[in-house]
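First to last, the protein sequences are chains A and B. Per the numbering used here, the first sequence starts with residue 10, numbered consecutively. Per the numbering used here, the second sequence starts with residue 3, numbered consecutively.
Misleading hints may appear alongside valid ones.
Stated by the list, open to error - Pairwise CB distance ranges, derived in the manner of DEER restraints:
#1 B/482 x A/92: 27 to 35 Å
#2 B/500 x A/56: 45 to 53 Å
#3 B/83 x A/115: 41 to 49 Å
#4 A/75 x B/468: 39 to 47 Å
#5 B/75 x A/51: 19 to 27 Å
#6 A/115 x B/500: 24 to 32 Å
#7 A/58 x B/83: 54 to 62 Å
#8 A/56 x B/353: 52 to 60 Å
#9 B/194 x A/77: 51 to 59 Å
#10 A/51 x B/67: 58 to 66 Å
What the hints assert, rightly or not - Covered, in the sense of this in silico footprint (three residues per stretch, anywhere, with C-beta under 8 Å from a C-beta of chain A), are these stretches of chain B:
#11 456-466
#12 475-488
Because the hints were derived from the structure by calculation, they are not lab data. Idealized CB from N, CA, C, for every residue including glycine.
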Amino acid sequence: MTESAGAQVAVEHSVVATDAGDGDPLTPLHPNYVKAVRLRTIVLTLPFVAGALILESSGQLPRGAFLIPVLLVALFLIVRVPLRRYHARGYQLGADRLRVVRGLIFNSDTVVPFGRVQHIDVHQGPIERAYGLGTLVLHTAGNHNASVALPGLAHDHALAMREAIRAHVKRETL
Amino acid sequence: MTDAAAVPAEDWRRTSPLSFVVTAVMSLRQAGLGVLAGIFGTGLWQEGWRYVVPPLLIMLGLSAFFSWLAWRHFRYRLSDSDIRVERGLLSRTARSVPYERIQDVALEQSLIPRLFGMTEVKFETGAGGKDEVRIRYVTPAEAEALRETVRARKSGVALPSGETAPAEESAHSLFAMNLRRLATFGLFEFSLVVFAVLGGAAQQFDFLLPFDLWNYRAWVDLIAGPGHRLQELGMMAQAIGAAFALLVLGLLGLLTGLGRTVLRDYGFRLEDTAKGLRRRRGLLNRSDTVMPVHRVQALKLTTGVFRRLWGWHGLSVVSLATDAKSGNHTIVPFAQMDEIGPVVDATGFALPGTHEAWQRSSAKHRVDQALLSAIPLGLAAAFVAFTGPRLGVPPATLALGIAGMAAAALLVLLRENFRWKHDRHALDARHLFSRHGWLAPRLDIASRVKLQSVEITQGPLARRRGYATLHLGVAGGSLAMAGVPLAEARAIRAAVLDSISGVDFSRLNAA
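Could you build all of it, start to finish, from the sequences and the hints given here?
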């Protein structure tokens, strides 16, 4: 069953990488990730916009002096940043390792070999659930990168990836 | 014996009856200071013994009663596959720890238990400090037997329940410190921590002091008297006074360092046994730890600003069952390199040889680091030079300030230059070496197959200049190399990953 799930992953995204080399193209995240990040940003910027509106209506400042910059920044954060973030992220599911690339300004490129995975979580928050997304989290024993998260996968794809990776993790007998 | 296995209730054991006395004394020691402070603080002691003795007796009784309750409701049992510990009166906790999950069995004797001839047994599971399973206070013989039984069960040799295993087999000594070495070590451990402790104590118990510590005027009065007289004695006497004060300070620092070192490392002995490296140390708190060799993830070779001038080094291990406590996994505190070599061999690691292909970090990274530290200093100096005269700061003060900042900037440049020359890393067939640091350089030795993950990170500056930081996941520690050229970082990652994916981690750490 786990093998078929692994095969399904490979077919779905046509990743037949045997070795996650640095030159190989990355698999992009699910397009819904952009929407999910936008929704999250809207929720986060809402208090600031509301605050700016209240300040504007109190008439203490020249008209729009505060509101307009706040709205512009919020618009940039909601429209532009999620898209760029989406393009900066990606992953590679190799035969024995997972590579996760992320970061707009501070770039990071992590590889976790399956032989070092202690346990695997698939996490789904309320916003992710609305868009049918999930986050795959690999836990390792290292103090650095104790957990490596890969958000923005289709939820059933994340589950399939978990099964595929679990097939590789040789568990200690309890 | 088979009967006992069939009736599990028979196997439950309690800790030594003496242990509740020990616990009571220990808790008294903690509560005692508070009670004394309360009695003195509230002025109760002025009311006569009638008001002082009853509270003390009640404290004593309560402490003994609760310790007894805790002892009465604590029991443990070694079954065939796990250790079970049950404790608690109102909320009962029953814990089971499979033998395979036990990384380490540590025996600890703190001062008070030691006076009563009691030992604490700690089973380290890698869960970290609080959640470790402890059996508090059994006799040393029982503790040793427990450890032997757990080890034997762990390695699959099933002893009948309740049977005690034979004592320690032959072991050969890897490293030991005699008194002379200990004293030398103590001198290098110069520490002024005693002043921090005194300061803290003064703050806690200032109500006991005969004068108000925080009253500035009182201090001025106190110092102005003799200080004034000193001034009359002239420059020479002042200089002598200052030198004397410095001498006392230095002497106190030396004594503190010596005292702490002797307390911690008296009778230090490291042995190579069949079960791993066994370390014994301590004067009042004697500790006895065994670290299985296959659980060693990496080694750290450290030194100090001054001790490196005489070639003294220390060696510690990064282990799977690392406590947060620092210095806990020091296996050689203070030795010359020729003594450290055999210990490194015993851990299954190797020191870098003569033909490693050492690589430097990127020169661009060093330049950027130097500029990042020096430019703010330069800007600050310029700001001071510009605004100082307008604000009427005396020119001498101004010059001194600017000179100070220039010196700091120069120091930063020197440091980066030194680190560019001396920081380096290398890969051999089994290890990854990284040497870094300025005044007290450090060598990290990691086993390639025991690494957990590899990450390459780049900030905006690093991306533009083509270098990266390489973070390697180590169980129980951290290892990162800054300013590695990007192509090389990728090459190291590929090499390390190839070593890793050949071997499964759980197989590496199976006993």
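Right, here's what the structure says about each hint:
1. Hint check: residue 482 of chain B to residue 92 of chain A, Cβ distance near 31 Å, so the stated range 27 to 35 Å holds.
2. Separation of residue 500 of chain B from residue 56 of chain A is about 49 Å and conforms to the stated range, judged on CB atoms against 45 to 53 Å.
3. The hinted range of 41 to 49 Å is satisfied by residue 83 of chain B and residue 115 of chain A, whose Cβ atoms lie roughly 47 Å apart.
4. Range check, residue 75 of chain A to residue 468 of chain B: about 41 Å between beta-carbon atoms, so the 39 to 47 Å window is met.
5. For residue 75 of chain B and residue 51 of chain A, the hinted distance range of 19 to 27 Å is not satisfied, since their beta carbons lie about 55 Å from each other.
6. Hint check: residue 115 of chain A to residue 500 of chain B, Cβ distance near 27 Å, so the stated range 24 to 32 Å holds.
7. For the pair residue 58 of chain A and residue 83 of chain B, the beta carbons lie near 60 Å from each other, so the given range of 54 to 62 Å is met.
8. The hint said 52 to 60 Å for the Cβ distance between residue 56 of chain A and residue 353 of chain B, and at roughly 57 Å that hint holds.
9. Here the CB-CB span from residue 194 of chain B to residue 77 of chain A is close to 57 Å, well matched to the stated 51 to 59 Å.
10. For residue 51 of chain A and residue 67 of chain B, the hinted distance range of 58 to 66 Å is satisfied, since their beta carbons lie about 60 Å from each other.
11. Given as covered by chain A, the segment 456-466 of chain B passes the check, having 8 residues with a CB less than 8 Å from a CB of that chain where 3 are the minimum.
12. A count of 8 residues in the segment 475-488 of chain B with a Cβ less than 8 Å from any Cβ of chain A is obtained; the coverage claim is therefore met, three being the minimum.
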